[in-house]
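Generate coordinates for the entire structure from the input sequences, incorporating the hints supplied.
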Amino acid sequence: MIATQKQYYFSGISIYSVRFSFWLQSLFILLLALAMFGPIVNLLIWTVTESWYFPNSLPSQWGVKYWLQVFNPYSDVSGSLLTSLLIAILTVVVCLLVSVPAGYALSKNSMPFRVFWMLLFLIPQAFPNLTVYMNIARLFYDFGLNGTLLGVVLVHSVHGLMFSIWISVAAFSSTDPMLERASRNLGAGPIYTFFHIVLPQAAPGLVASCIFVFLESLDEFTGTFFVGSPNINTLPLLLYTASMEGNYQIASITALILLAPSILFMVIIHKFMKPEMLSKLGK
Amino acid sequence: MTHLHIKDLQAGYGKKLILNNINLEVRQGEMIALLGPSGCGKTTLLNALCGFIPLSHGEILSDKRVISQLPAEQRNITMVFQSYALWPHMTVEQNVAYGLKVKKVKRADIETRVAELLNVVKLAGLEAEKVTALSGGQRQRVALARALAIRPDVLVLDEPLSNLDAKVRLSVRHEIKALQKKLGFTSLIVTHDQEEALVMADRIAVLNKGQIEQIGTPEEIYHHPSTAFVADFMGADNHIVWPIQDPGFSLNINLPPDDLSIYFRSENVSISLQATINNELNQQQNEGLIINGTVEQSVFFGNSYRISVRSGKHIIQAEHYKHLPGKTPVTLHILPEALHIYAADVKSSVLEKN
Ligand SMILES: Nc1ncnc2c1ncn2[C@@H]1O[C@H](COP(=O)(O)OP(=O)(O)O)[C@@H](O)[C@H]1O
Ligand SMILES: [Mg+2]
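Top to bottom, those sequences are chains A and B.
Note that our numbering numbers the first sequence so that position 211 is 196, with each residue one more than the last.
Quick note: to get our numbering, add 2 to the position in the second sequence (first position is 1).
No lab work stands behind these hints, which were simulated from the structure alone.
Just so you know, even glycine gets a beta-carbon here, dropped at the ideal spot from N, CA and C.
Chain A side only, calculated, beta carbon under 10 angstroms to chain B, not exhaustive:
{"hint": "1", "residue": "161"}
{"hint": "2", "residue": "165"}
{"hint": "3", "residue": "168"}
{"hint": "4", "residue": "170"}
{"hint": "5", "residue": "174"}
{"hint": "6", "residue": "178"}
{"hint": "7", "residue": "181"}
{"hint": "8", "residue": "188"}
Derived pair list, reagent style DSSO-like, types lysine-lysine, alpha-carbon separation capped at 27 angstroms:
{"hint": "9", "chain 1": "B", "residue 1": "169", "chain 2": "B", "residue 2": "183"}
{"hint": "10", "chain 1": "B", "residue 1": "211", "chain 2": "B", "residue 2": "17"}
{"hint": "11", "chain 1": "B", "residue 1": "103", "chain 2": "B", "residue 2": "132"}
{"hint": "12", "chain 1": "B", "residue 1": "17", "chain 2": "A", "residue 2": "93"}
{"hint": "13", "chain 1": "B", "residue 1": "183", "chain 2": "B", "residue 2": "66"}
{"hint": "14", "chain 1": "B", "residue 1": "18", "chain 2": "A", "residue 2": "93"}
This is the structure in structure tokens:
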């Protein structure tokens, strides 16, 4: 008798605690979801809002007026989208031109001061962004690069090279040196071998590094702000001005446009990146 | 077809010297096996030949032309790599055609040559396969076809059979040999398997710690190993150091009274059941090494029994056609020509050869 009572008592507690912890967990997850997705939901709502005034929890007027405005070929957004894309593409080209030869050279263990060179490309990232960009802006001012497309591309490249060098060193290190030997063995010179054997092996990693650099360039704000403005207007700069002016619709739509390439990137990374490449980084 | 001549070659990695004083001639159309234990420098020698590592001394001549200064792509010595090193982003056909494309051979000629080679190595029909989809034996043959496509002066093969299963290995062994006889290319094949070397090669060079110990025909290497290392490596599984102060042993052979190191094969040990030493044997039979002992163990080996015989502190391996029970008293007899005898302290010098 006592035993059953005890059992009942215990099971009462356990049912109670299960329920309690269930609600607690649900609440926790809900809060977490709100924290993560709340801003995004808010952003999405703003993109289809025509008017929304303070005390209301939902917009008073819905519509796609601002989308039409954004995609008007003469709008600020279209213009800065083109500028952003142009800068991103040029940045990718500059980074590739540097990181392919550098990555190949640094992937060889025989390269002197290998680690030193690789760390060199990390140094700009070690200081606070702002100081670095302010100093670059000062330097560029002397060379007349401030406010030019070239100046912005160079600033983005300094930032992008960090990724592209490290990723391409990893990509080249993961290629099998025996494959190179086999090519030389069959009569191909070093340059022919590089383009026909080495590069195809490293291509997936290089593609990944290009995408990374491209996205970083699209998103870059600080450097562009210091070196490019007011002549060069990229999407992030536009986003900033729009938010400052309280034009949340334009800001939200711009943000959404900036989101698209990142999602594309996730998909491509999944297809191309080889895990063994990353493991070669430490060698 | 080419005559390859390696003169006083010395090479290694960085400051680490691996090969020393290598002298080797591969005659036209000959297949030489480089035989030696793992880590003795076989691959290093091929690397030096192909120009992947520089020589620190000596030279390599291909038909009297010095090639040791040329970069790898100008030597026309092609290699079948141990790992095959096929290009995974290319098809079978593209792999085989590569060397011809580099040489800017006409497209139609490339096609006929590739088709011809794929026929020879029995891969016709797999032209469009990615090499990653092939089995080990097939990859091996792609590597062979790729190396032969540009009609190299010399073909070198680095342990071409070591990545194959035992059964495939036996057939590929004969295929390579037949191909070599048919096409008549000069070649060097690396192996650590003595049987492979004996079966495939016209001559064998035994390598030990970066130096050549002996060069000779398979019969010479097998029957007259010139150093203790070669005898040991070629399967002389019994080794004793003379003199032995044991009444069970007697050695009747004309030799200076030095310390001797004696090797012989278990297959050359004949077993008789009675203790017949000294008396009933005639003079001729009495020559050589005679050992009295008792059977310790008898293990079935398929075509024979492997008998371990104990005599004093020594265990001698012998082969016999039938099982012998333990403790059986036996007499072992090894003829003089089956004994490989070396000076015990200077392991490499031969004292007596019959
Ligand atoms: N890339 C290398 N760098 C330094 N030492 C090496 C290298 N490759 C091989 N070695 C050394 O050279 C010796 C001979 O190696 P190798 O020619 O590959 O032997 P084998 O092919 O006969 O098994 C070994 O002691 C090995 O450790
Ligand atoms: Mg080897």
